[in-house]
Amino acid sequence: MSPQTAEAVRRFLTPANQIDFPQDPTLQKQLNEAWTFNLTGFTQQGITGNPWNSMNAADNTWYFNPVTTDPAEVVYQPIQWNAFPGRLEYYYGGGGGTNSTGLVLPTNDLQALADTGKTAGGKPFSDLPQITNPCSAVVSNYGPFGPRGWQDEYCEWSVERDANGNIVRIDFTCENPEYWNSLWAVSPDKVLELYRSTLGKPQIQLADLYLVDPVRKTPIVDPSTGKPAYNPLNKWNSGPVSTASQGGAMHLTSTPNTLQTEIGLASAATVPRPGGNGNAQALICCAQYGQPARNSDPHIGQSVNQLVAPPNPASASMKATLANPPGLYIQTPDFASYNYQSPDGTDVSTFWTIVRGKEELHDELGRKLPGNYILHATFQVPASKPYTVSDLTINGQKIQWASQVAQTFFMQITGAGLKQSGKAPEQSCVATPPTLLAQPLQIFHSSVFFALVQTNVPNVMGVPMNLASNSTLIAPQVKAGQSNVSLVITADTLSGGGFPQVSFGDGVTVNVQSLAKVTYAVPGNTYPGEVSAILLTVNVSASAAPGPRSLWITNQGQAQSVGFPAALHVVSA
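One rule links them: number in my numbering = place in the sequence shown (from 1) + 1235.
It should be emphasised that the hints constitute simulated quantities derived from the structure, not laboratory data. Some hints could be false.
Claimed, not checked - Capping the alpha-carbon separation at 30 Å, the derived lysine-lysine pairs in DSBU-like fashion look like this:
hint, residue 1, residue 2
1, Lys1462, Lys1452
2, Lys1436, Lys1425
3, Lys1462, Lys1425
4, Lys1264, Lys1603
5, Lys1593, Lys1603
6, Lys1554, Lys1658
7, Lys1593, Lys1554
8, Lys1593, Lys1425
9, Lys1603, Lys1554
10, Lys1470, Lys1358
11, Lys1714, Lys1462
12, Lys1436, Lys1353
Model the full structure from these sequences, guided by the hints.
This is the structure we're talking about:
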């Protein structure tokens, strides 16, 4: 790799290479460094996989880090899927799935559900029949839960209507929550500025974005930054309805819609399986990444797997990754094929505005990357026109729902392949091992964790949900020389009685204080589940080496297993 190339690829680019501090190179550098740290950790986590309570789900070494690879050798592969929630059609639209009463809803009801969580007649998800997972045969309520959890194709939207119920503006976003948490850690004021400008709502206040104590209603200070913590489900980024007093879509909120999850899915998809990769649904059932019947997960997994194990035996096997900058990207709607029309003949594509992101992007070597790199787009008719979005037509049908627009565009991740001389070893389907080891899930500063887990999240599914489901796997920071730092670790498959052993390696001593059960959806999961919460304090040596620390949790009577990478971030005092 030439020195110039090494310089160019030494960091993970922000999504769409978005520069949110154009006038402040110092803060932009701070964000770039934090983003590279976070994405490097997510990449290591994806490669590690799950060696604790799954078989054939770990050591995903055919996934590679694009930052440490010469981009000149990389081949790009756009992976696209429709933005409309595929599981709605699958389970309730006669698309091949089953629900407990055999209900088949008309298209208008599916579109209404995608927009509002209710049918056109107002029946919410909580009143719809249960569904059966085609892989596990588990029967459950429809999920994900959350204020717009059903928008689970890595694209979410909010709709603003006038007094007559006409759509006047749609905001579509595919921005990952990890980016906004990273940006908040650098500058809450910048996040406020971008909320106001992106949503067109100057009335938004900084305090609106704070995570608050659910009882005292006072801001929770994040010990990682010494500043108020961010609430990812604040009132301006919650739900499918946007008004002057609340609502909007700034970044993804459905619990599976995270970048760390996407990297984990792509990593897991690099393993060839016995049944081959000709059937996307069979492959996802075997490999157990993502959620079956989505437009996204089965197709993403199949596409990545076909890079590693090409169906054409004459093609070279490739290691795979998400191209730099890793992200989820909205594609421009196909206005022509869907015959968009306006009452006065104005080209409807002029009503589509890229607010964040770019129409096109080039890699470090100047090569054009495939597809569009749109992070946030609006669809609205100028106020000077005597009509609204609801007067536009798609294939002759008036637009009643934003989801009709979502049906006309794709989402994309950009895959990248690196040709190999050999072939990846095939592994059997993912299964449960005879011995379960303690699985690390997440780690939090305790004050942040308790505020999250005690904050109730109302939802149209009518199920208990708390804000911990909208957390991230960004490593909390501790300073060298700090003592009695209170942390909470969530973990699964603890056993053996008593407290497990917890370690972060040299220079960090751990005192486990208590053990409890909590229920939430660990980010990336569609449904909440009960896990263990370990309350502990740590003391960090003044000489502790700065950088990422792995987390080891060991059940009583078991040997230490593999560490969970980049769980904790030790920084200089």
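Against the structure, the hints come out as follows:
1. At roughly 16 Å between alpha-carbon atoms, lysine 1462 and lysine 1452 fall within 30 Å of each other, so this suggested pair holds.
2. A distance of roughly 15 Å separates the Cα atoms of lysine 1436 and lysine 1425; the hinted pair therefore holds under the 30 Å criterion.
3. Distance restraint check for lysine 1462 and lysine 1425: the Cα-Cα separation of roughly 14 Å lies within the 30 Å cut-off, and the hinted pair is therefore satisfied.
4. Taking the CA atoms of lysine 1264 and lysine 1603, the gap is near 25 Å; set against the 30 Å cutoff, the hint holds.
5. Among the hinted pairs, lysine 1593 with lysine 1603 is consistent with the structure: their alpha-carbon atoms are about 12 Å apart, no more than 30 Å.
6. About 9 Å separates the Cα atoms of lysine 1554 and lysine 1658, which keeps this hinted pair within 30 Å; it holds.
7. Among the hinted pairs, lysine 1593 with lysine 1554 is consistent with the structure: their alpha-carbon atoms are about 27 Å apart, no more than 30 Å.
8. The straight-line distance between the Cα atoms of lysine 1593 and lysine 1425 is roughly 20 Å, inside the 30 Å bound, and the hint therefore holds.
9. This hinted pair checks out: lysine 1603 and lysine 1554 have alpha carbons roughly 21 Å apart, not beyond 30 Å.
10. Distance hint between lysine 1470 and lysine 1358 is fulfilled; the C-alpha atoms sit about 24 Å from each other, no more than 30 Å.
11. Restraint check for lysine 1714 and lysine 1462: satisfied, since their Cα atoms lie roughly 15 Å apart, inside the 30 Å limit.
12. Our distance criterion of 30 Å between C-alpha atoms is met by lysine 1436 and lysine 1353, whose separation comes to about 27 Å.
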